[in-house]
Amino acid sequence: MKLGFSAEDEAFRAECAGWLQAQMAGPFADIRGIPNLCDEIPRRKEWEQQLAADRWSCIGWPAAWGGRDATLAQQVIFAEEYARAGAPNRINHIGVELAGPTILAFGSEAQKAQYLPDIVAGRKIWCQGYSEPGAGSDLANVKTKARLEDGDWVVDGQKVWTSLAHYSDMIFVVARSEEGSKGPKGLSFLLMDMDQPGVEVRPIRQINGEAEFNETFLTEARCPADAMLGAAGDGWKVAMALLAFERGVSTLGQQMQFRNELDAVIAAARTNGKAADPIIRQRIAQAEIGLRLMRYGALRMLSNTDLSDIDGAALTYKIQWAKWRRDLGELAMDVLGQEAEIAASNHYEWGVLPNIYLYSRSDTIYGGTNQIQRNLIAERGLGMPREPRGIS
Amino acid sequence: MKLGFSAEDEAFRAECAGWLQAQMAGPFADIRGIPNLCDEIPRRKEWEQQLAADRWSCIGWPAAWGGRDATLAQQVIFAEEYARAGAPNRINHIGVELAGPTILAFGSEAQKAQYLPDIVAGRKIWCQGYSEPGAGSDLANVKTKARLEDGDWVVDGQKVWTSLAHYSDMIFVVARSEEGSKGPKGLSFLLMDMDQPGVEVRPIRQINGEAEFNETFLTEARCPADAMLGAAGDGWKVAMALLAFERGVSTLGQQMQFRNELDAVIAAARTNGKAADPIIRQRIAQAEIGLRLMRYGALRMLSNTDLSDIDGAALTYKIQWAKWRRDLGELAMDVLGQEAEIAASNHYEWGVLPNIYLYSRSDTIYGGTNQIQRNLIAERGLGMPREPRGIS
Amino acid sequence: MEFAFTEEQVMIADTARGFFAEHATSARTRAAMAADGIDRELWSSFCNELGLAGVGVPEALGGAGLGMVEFALIAEAAGAQVAALPLMGNARAAHALVAGGTPEQQARWLPALVSGESIATSASSQDASFSNGKLSGTFRFAPHGGSADLLLLTAGEQCLVVEASAPGVAVTAHVTMDQTRPLATIVLNNAPAETVADHAAANRALDVTGLICLAAEALGGAQAALDRTVAYSKERVQFGRAIGSFQAYKHRLADMMIEIEQARSAVYWAACAIDEGSDEAQIALHSAKAFCADTFHMCAGNMIQLHGGIGFTWEHDAHLFFKRARSILSMLGDSQWHREQIAALVLDQAA
Amino acid sequence: MEFAFTEEQVMIADTARGFFAEHATSARTRAAMAADGIDRELWSSFCNELGLAGVGVPEALGGAGLGMVEFALIAEAAGAQVAALPLMGNARAAHALVAGGTPEQQARWLPALVSGESIATSASSQDASFSNGKLSGTFRFAPHGGSADLLLLTAGEQCLVVEASAPGVAVTAHVTMDQTRPLATIVLNNAPAETVADHAAANRALDVTGLICLAAEALGGAQAALDRTVAYSKERVQFGRAIGSFQAYKHRLADMMIEIEQARSAVYWAACAIDEGSDEAQIALHSAKAFCADTFHMCAGNMIQLHGGIGFTWEHDAHLFFKRARSILSMLGDSQWHREQIAALVLDQAA
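Chains as they are written, first to last, in the working numbering: chain A, 1 to 392; chain B, 393 to 784; chain C, 785 to 1135; chain D, 1136 to 1486.
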């Protein structure tokens, strides 16, 4: 057990920090530190491509596919320096951290050659077609159907909560490819182009007034027969593996964002004098502890090389950060006081701190509500009896 | 809606306050303010009898049975003045507030004549035979059996958590009188003498080192055939009605005890300087609010004359006070600091405040755990689907 | 002593509940949110058809001559629908003028406040200056301030009556998180202002009415959040079962009910204590505001959570409750502040 | 950077866990509780057969020469059984003498502390006075103080070595809520006392070892509370079902696991930060103590609650966990105090 970094690691830190700071001070200074995921999309695509140009876009990937085979320590360092430099949130988070690793794990060589270079290069942005209306977080209840027709999969159905679908190029879709099948059986995992007549995206306006999520309607949408990861019927297995990547190194970048958010709360408390309030001090300390423990929890789960293992740190991570961020949002409001409820402009638009308060109400819901997370923890982590399903 | 008291009420207050204070300053000064329920039993019996001598033992009962037909306002006033005078907790709480009202509601005239005078006079102390090992709070799962033999009910079984059984004269027992019956059917409600060979009481030592609760073993224990409230098979109905009395005026006396406990915490905080700690101040304010709201919740439920109604204030009362008192115990420990963990003597015995901390861990369990309370609230108060029972 | 509603009180509650349930619909509230946060038609019917805007104003001054309990019943019903109304502003101003206004001020303003013709707001400032009938200073966070005709302003210990249309008055309405009660900043530059007859009484009425109004609205909102979630949970199926059949879900609803029942005691205790001039009035007011605001926020947060994905969309009404709950939390002193006032009453007086 | 245990660390953990599970049984612990809170036989095997009492003492001074991570693994295993041992007192004293003792003090005491022959305690006082080799003052809340041979006493900024058998030393052992670690009051009246070589280093070692020990014990205790409750819930049937099949029960267990996983990160982060001399060491220590103590108290409280009636009997072990949790909460600074220290580090330094 060792937490410090080696001299080699520190050299790597110097290299990536230098590059990132130069970019953010120079050509990409205009998008330094922008908070909202939906702002400045074209510039962010250029930023993805700049990362790729210098081989910083997917450092954890194998060198053969454009990565750097970066160690865990290096990935930690890159995440830290990325945030420190104020580089914007990765627009292709889903491609780089979810779709890519899943294709690396389950794809044929031909599929890797077809999809990975566009991700590494920042040419194609991905989104995720899991949730459906009526099925909620219940992937086993997917109703979207896929049938084979003239060498294509033809897909009909509706996905919902497809984050960032409105500017994505590709979507992975879990669909029921075996007619009459139920539950986790008979599902397949398809890789589809967004730019086709059968795909329609309608934004969903959220509580904060923005529209990051979408409904995605698939009406005779098509992809070639070989645009499937695993075999027909393997969809559940592939989807579950992908969810495990969600708890992977992508957590590090997310934590750096949380660090910036907590720092913003601390700065606000210092500015307006709330930093002297003993109760606010307790809550800030609580947030500080929580953030540090998330970091070391993530390092514990990442140091565990087998992601498929039942690992307590990994199993509890989602609910931990979702609760942490919800608490941070409430703390931010209490630090700012009534001031926080007044928008800066004439639009219904919120600064970083009030936006955490509003947005974080969805953190405890999407990707498995806190209730479902607790079921998983009890059943998979503690071996408790499974919650019975109704007769469906 | 009116909270103030009438001039008539205030006259009543003067009368009972005068009497109580004189008793506690004079003949019963030795048991003024003693906190533990199991201390000074003989003197407390004398006190019950003194209350009876001046018709203060059961003021809410009908005058015909030795009460005063006291109004709700008068009962509130009596409880307040009883606590203010430092009179000790009623040793026959179960007889006066549970058994008596249930006999008044379900008993024949002969039964009333047989049992009520001994309760009013403080001659017979009662305890409650509901819970069983293995059944816990699940009254429908009672296993104790009663059979009719030679004009007697003969009872075999085991009761547990029989509070104060070791000095009680009478017990009411819910037993299965119909062989092979299941659930709420086939139960009967029996009134039994404790002083007989078939009844054995073993104290259960609790977390705080004391033994207020007992196991009660019934081995061919007997009572006459007519020592049954309601008919054979009515046991469930009678038991449920009795539980409703538990939420009756007896709550008022309990609240006065809570008031004294919170006052002791406040006094400790003032003495040791913790009253200046802003976080302790918040918690004391929270406790103060909670106590006041319990009072007005109790008045709301008591002003609702039909106790069998589903009344939100009544349904949520148990969990409210149990949580309040558990929080108070933790607050008391935090106010006292490490000091609280050192006993005053060489025995494992605790003063009022540390004892609240320890004892209150049982408040959330006996009489229906907080979990069961929440089921009841959701199912009876909100009409949610019932929790399925297993196949038993 | 009788802690139950009279028949008349039950009737007022039923009438108000029915009125708001019928008229303060989501569609109408959203239309008001897109404008200045006032549903004018609702407001007009409330004042004139229902005639409840002056519930706490004496009959001799054109009101219904009832008390805080009745006012709370109405605010609770309005809160249950997150109705977009200047109820708080008008009630505060009316009660302040009743308690401390001059006869002229009462005659000038009360009829218009009770009929709803005039809209009032209140705000306070610690560093405003008043001399020779002219007031200068900045008054922030005035609810519905952008639409107000009458401004009742607390400057230190003084209470001043200002007309919004007077020279030297500049009001800036802000886009506000809770769009059903947008806040405004009022800047006065030597604006003409009248003193009331009894500053302390007027300011006390502003406080009392504001706190009772917010606590009662919070109670109504919390109960509605629970009721709507209960209804949803019985219909919505997931994992092949009504989600309301999951025990964890049920317990969460039970937890809401436990808090709400206490909040209900708090509101009516406080309202009664005010009406009866009880010694407990001050502690009751602080308790009611702190406890009800916390309860509403908890319940509205649970409403979002227990609705799942739909709960955090703009389309669903859950966010209206949540944002109203937040605004009640921070308005007129946050819960921590009110609890500290209670601690001071309990701990700092001579033993 | 590698936040996983080495093979050696896994072996130490397994050995310690096995040892305490086998020997620190409920019956033996209860026998110790009725006496002075030390299971002598357990203590002797721990020191001599297992040889782990000197885990953090350098090999040259007779120990195993390992670090805080290894010490934490052992304290965690002891805490999982609420073992009645003077583990904390001896480790604190040994580490303080290693860090700041004179060579003579090290030679005199370390072998006896490592072999378990001597028992040590520590306590501090702000108003003790030391001059001419004599110490006077009252030192309260000394864990296992009634059984101690060696007293390491912090008086202001000084650290002093006192023999319990010396003239002028009066120790009063108290009946204590947690009977596995009873507290004592030590009154010194011109008792002979030695100064250490490096007061700051010795006091720092006392602090660090105490906080790591308590945090690790709390982690072990919390995990054991969860494990035992999980096992109980799978067997115990109520309402015709294993109680562990009720979703609310499951979620409560899940909530325990969520906290425990964070507590685990906290203990090993803090121990590692100490071993590596990291900048984060201080914030890590405060975090670990506050978070783990809170977690243990929550889990032990849940253990009682989820066992129902049996859970609050003397006969069941749940109260041993609960009382240990309470004592850890208040020992060496409560959680509020540690969080305030973190707030000071985060908020009060120059931006």
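Incorrect hints may appear among the rest.
[What the hints assert, rightly or not] Computed beta-carbon distance windows for the label pairs:
hint: 1; chain 1: C; residue 1: Ser913; chain 2: B; residue 2: Asp719; range: 56 to 62 Å
hint: 2; chain 1: B; residue 1: Asp719; chain 2: C; residue 2: Asp1132; range: 43 to 49 Å
hint: 3; chain 1: C; residue 1: Arg824; chain 2: B; residue 2: Glu402; range: 47 to 53 Å
hint: 4; chain 1: C; residue 1: Glu1099; chain 2: A; residue 2: Asp169; range: 45 to 51 Å
hint: 5; chain 1: D; residue 1: Gly1186; chain 2: B; residue 2: Gly729; range: 55 to 61 Å
hint: 6; chain 1: B; residue 1: Gly729; chain 2: D; residue 2: Ala1169; range: 45 to 51 Å
hint: 7; chain 1: A; residue 1: Val352; chain 2: D; residue 2: Pro1238; range: 45 to 51 Å
hint: 8; chain 1: A; residue 1: Asp169; chain 2: C; residue 2: Asn973; range: 35 to 41 Å
hint: 9; chain 1: B; residue 1: Asp719; chain 2: C; residue 2: Arg824; range: 43 to 49 Å
hint: 10; chain 1: A; residue 1: Glu339; chain 2: B; residue 2: Gly425; range: 47 to 53 Å
hint: 11; chain 1: C; residue 1: Glu1019; chain 2: B; residue 2: Gly729; range: 37 to 43 Å
[What the hints assert, rightly or not] Among the chain C residues that face chain A by a calculated CB cut under 8 Å, a handful are:
hint: 12; residue: Phe789
hint: 13; residue: Asn916
hint: 14; residue: Ser920
hint: 15; residue: Thr922
hint: 16; residue: Val971
hint: 17; residue: Arg1012
hint: 18; residue: Ala1015
hint: 19; residue: Lys1018
hint: 20; residue: Met1082
hint: 21; residue: Gly1095
hint: 22; residue: Thr1097
hint: 23; residue: Ser1114
hint: 24; residue: Asp1118
hint: 25; residue: Gln1120
hint: 26; residue: Trp1121
FYI, nobody ran anything at the bench for these hints, they're computed from the structure. Predicted model only: the values in this text are computed from it and were never measured. Heads up, the beta-carbon is just placed ideally off N, CA and C, and yes, glycines get one too.
Do the hints match the structure? See the list:
1. C:Ser913 with B:Asp719: 56 to 62 Å: Violated, since Ser913 (chain C) and Asp719 (chain B) (Cβ atoms, about 47 Å apart) do not stay within the stated range.
2. B:Asp719 with C:Asp1132: 43 to 49 Å: violated (22 Å)
3. C:Arg824 with B:Glu402: 47 to 53 Å: Given about 50 Å between the Cβ atoms, the range holds.
4. C:Glu1099 with A:Asp169: 45 to 51 Å: Violated, since Glu1099 (chain C) and Asp169 (chain A) (Cβ atoms, about 28 Å apart) do not stay within the stated range.
5. D:Gly1186 with B:Gly729: 55 to 61 Å: Given about 37 Å between the Cβ atoms, the range is violated.
6. B:Gly729 with D:Ala1169: 45 to 51 Å: Because 26 Å falls outside the window, the suggested range is violated.
7. A:Val352 with D:Pro1238: 45 to 51 Å: Given a distance of about 58 Å, which is not inside 45 to 51 Å, the answer is violated.
8. A:Asp169 with C:Asn973: 35 to 41 Å: violated (57 Å)
9. B:Asp719 with C:Arg824: 43 to 49 Å: At roughly 47 Å between Cβ atoms, Arg824 (chain C) and Asp719 (chain B) fall inside 43 to 49 Å, so the hint holds.
10. A:Glu339 with B:Gly425: 47 to 53 Å: Taking Cβ atoms as reference, Glu339 (chain A) and Gly425 (chain B) lie about 51 Å apart, which means the hint holds.
11. C:Glu1019 with B:Gly729: 37 to 43 Å: Distance hint for Glu1019 (chain C), Gly729 (chain B) is violated at roughly 52 Å.
12. Phe789: Violated, about 34 Å.
13. Asn916: violated (32 Å)
14. Ser920: Violated, because the Cβ-Cβ distance from Ser920 (chain C) to chain A comes to roughly 22 Å (cut-off 8 Å).
15. Thr922: violated (13 Å)
16. Val971: violated (15 Å)
17. Arg1012: Hint on Arg1012 (chain C): violated, closest Cβ of chain A at ~16 Å, above 8 Å.
18. Ala1015: This hint is violated: Ala1015 (chain C) lies away from chain A, its Cβ roughly 18 Å from the closest one there, beyond 8 Å.
19. Lys1018: Hint violated; Lys1018 (chain C) Cβ to chain A Cβ min 13 Å, cut 8 Å.
20. Met1082: violated (11 Å)
21. Gly1095: It holds, given that the least Cβ distance between Gly1095 (chain C) and chain A is near 7 Å, below 8 Å.
22. Thr1097: holds (6 Å)
23. Ser1114: Holds. Min distance 5 Å.
24. Asp1118: With a minimum Cβ separation of about 7 Å from chain A (threshold 8 Å), the hint on Asp1118 (chain C) holds.
25. Gln1120: holds (6 Å)
26. Trp1121: Violated. Min distance 10 Å.
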